[in-house]
Amino acid sequence: MAFWQSWSPMSSQDRVRVEIAFDGNQVLSVFVPVATADDLDRALAGEQESLSFEAEDGRYTVLVRKVVYVKRLARESRVGFGAAAS
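The opening position of the sequence shown corresponds to residue 50 in the working numbering, with each subsequent residue numbered one higher.
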């Protein structure tokens with residue numbers, strides 16, 4: 050089992066949202082440090098049984114063999130809720 054944890058403060062630019070889909074149609078959407086998303090990619094490519102990590106809302110342990118796919122969402126470059134009406 051691998052575990053990644055950081056004790057230093059991070060900016061939101063150092064984090065990325067990932068969606069983890071599991072066998073059985075459940076999807077977990079979490080906001081994690083970029084290094085954790087990289088750790089998850091490596092766990093899926095290797096022979097790790099599980100991966101533990103800290104997300105913005107708590108600690109998770111994922112059973113890697115139950116993961117169907119992982120989607121790393123691109124960072125949005127715009128600020129706000131959308132374009133202003135003229």
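Simulated from the structure, these hints should not be mistaken for lab results.
Glycine is no exception: its CB is placed at the ideal position from the N, C-alpha and C atoms.
Any given hint might turn out to be false.
Said to hold, decoys possible - Okay, the calculated beta carbon distance ranges per label pair: (1) S99 with V76: 12 to 20 Å; (2) A94 with D72: 24 to 32 Å; (3) A70 with E98: 16 to 24 Å; (4) E98 with A123: 25 to 33 Å; (5) Y109 with N74: 14 to 22 Å.
Item checked: Distance restraint hint 24 to 32 Å, applied to the beta-carbon atoms of A94 and D72 -> Given range 24 to 32 Å: violated, Cβ gap about 18 Å.
Margin query: Taking the Cβ atom of Y109 and the Cβ atom of N74, is their distance within the range 14 to 22 Å?
Written below: 18 Å, holds
Margin query: Does the beta carbon distance between E98 and A123 stay inside 25 to 33 Å, or does it fall outside?
Written below: This hint holds: roughly 30 Å between Cβ atoms.
Next item on the list: Take a look at whether the Cβ-Cβ distance between A70 and E98 falls inside 16 to 24 Å.
Entry: Cβ of A70 to Cβ of E98: about 18 Å, so the range 16 to 24 Å holds.
Checklist line | Supplied distance hint 12 to 20 Å, evaluated on CB atoms of S99 and V76 | finding: The hinted range 12 to 20 Å holds for S99 and V76, with Cβ atoms some 18 Å apart.
The structure fails to meet hint 2 from the earlier list, while all remaining hints are met.
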